[in-house]
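Q: Listed here are the chains, written in short residue letters.
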Amino acid sequence: NAGVTQTPKFRILKIGQSMTLQCTQDMNHNYMYWYRQDPGMGLKLIYYSVGAGITDKGEVPNGYNVSRSTTEDFPLRLELAAPSQTSVYFCASSYRGRANEKLFFGSGTQLSVL
Amino acid sequence: KNEVEQSPQNLTAQEGEFITINCSYSVGISALHWLQQHPGGGIVSLFMLSSGKKKHGRLIATINIQEKHSSLHITASHPRDSAVYICAVNYGGSQGNLIFGKGTKLSVKP
Numbered sequence: 183n184a185g186v187t188q189t190p191k192f193r194i195l196k197i198g199q200s201m202t203l204q205c206t207q208d209m210n211h212n213y214m215y216w217y218r219q220d221p222g223m224g225l226k227l228i229y230y231s232v233g234a235g236i237t238d239k240g241e242v243p244n245g246y247n248v249s250r251s252t253t254e255d256f257p258l259r260l261e262l263a264a265p266s267q268t269s270v271y272f273c274a275s276s277y278r279g280r281a282n283e284k285l286f287f288g289s290g291t292q293l294s295v296l
Numbered sequence: 673k674n675e676v677e678q679s680p681q682n683l684t685a686q687e688g689e690f691i692t693i694n695c696s697y698s699v700g701i702s703a704l705h706w707l708q709q710h711p712g713g714g715i716v717s718l719f720m721l722s723s724g725k726k727k728h729g730r731l732i733a734t735i736n737i738q739e740k741h742s743s744l745h746i747t748a749s750h751p752r753d754s755a756v757y758i759c760a761v762n763y764g765g766s767q768g769n770l771i772f773g774k775g776t777k778l779s780v781k782p
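Just so you know, the protein sequences line up as chains A and B, in that order.
To get this note's numbering, take the position in the first sequence, counting from 1, and add 182.
To get this note's numbering, take the position in the second sequence, counting from 1, and add 672.
Please note that a few of the clues may not be correct.
[Unchecked claim] Chain A side only, calculated, beta carbon under 7 Å to chain B, not exhaustive:
no.: 1; residue: T206
no.: 2; residue: L225
no.: 3; residue: A281
no.: 4; residue: K284
no.: 5; residue: F287
[Stated by the list, open to error] So the derived label-pair ranges between C-beta atoms look like this:
no.: 6; chain 1: A; residue 1: L296; chain 2: B; residue 2: S679; range: 44 to 54 Å
no.: 7; chain 1: A; residue 1: S249; chain 2: B; residue 2: N736; range: 40 to 50 Å
no.: 8; chain 1: A; residue 1: N247; chain 2: B; residue 2: K725; range: 25 to 35 Å
no.: 9; chain 1: B; residue 1: K740; chain 2: A; residue 2: K284; range: 39 to 49 Å
no.: 10; chain 1: B; residue 1: N682; chain 2: A; residue 2: P265; range: 25 to 35 Å
Read the hints as simulated data drawn from the structure, not as lab findings.
C-beta: ideal position from N, C-alpha, C; glycine also.
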C-alpha cells in the first residue's frame with residue numbers, strides 16, 4: 183500500500199515551458215487536492231477533486247490545470263511556467279473529504295522556474 | 673478574514689524538554705488538524721480535533737473552542753521530533769476549506 187505517490191521529486195523549468203506533476207493514490211480515496219507551499223507561508227489550495235470527472239478551483243488556481251479521469255490519478259499541469267510558480271507542490275487525498283478526516287500527503291515536488 | 677496563527681515560529685529545545693506549540697484561529701471551526709513536516713519534506717497527519725484532547729505516544733493535542741486556541745505538546749522531546757509542525761483549521765464542512773498556519777520549526781538538540 184504505497185499511499186500517495188508524487189513524481190517527480192525535483193524539477194527545474196525554463197520560463198514558458200510546460201510540465202505535468204503526477205499524483206497517484208491507491209487508497210480508493212474520493213477526494214484529492216493539490217497544494218503549493220511557498221517559503222515562510224502556509225500551504226495554499228490550488229485545485230481539488232471530489233471524484234473522477236469532477237474538479238474545482240481552490241485559492242490559487244491561476245496558471246494551473248487539472249484533470250481527474252480515474253479515482254487514482256490527479257495530475258497537475260503547468261502551462262507557460264513563470265518564476266512565480268517556483269514552489270513546493272504537494273498532492274493529498276482523503277476518503278470523503280469531511281472536515282474530521284485524516285489527510286494523506288505525497289512527498290512533494292520541488293519546482294524551480296528560472 | 674479567516675486566519676491561523678502559530679507560535680512560536682522557531683523553537684530550539686534540549687532533548688528531554690517538554691515542548692508546547694500554539695495555534696490560534698479567528699472564527700468558529702469544524703475541525704483542527706496538526707501535521708508534521710519532516711526535514712525531507714514529507715507531511716504526515718498527527719491529529720484531528722474538534723473538541724477536548726487527544727494523545728498519541730509522547731504527543732498530546734488540546735483544543736479550547738471558546739478561546740479559539742489549540743496546543744500541541746511533546747513530552748520527553750527527542751532529536752527525531754525535529755520537524756516543522758503545522759496547524760490547519762477547517763471553517764466549513766469539507767477539506768476544501770482548510771486554512772494552514774505557517775508552521776513552527778522545532779529543533780531538538782541532543
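Q: List in ascending order the numbers of the hints, as given earlier, that are violated by the structure.
A: 1, 6, 8 and 9
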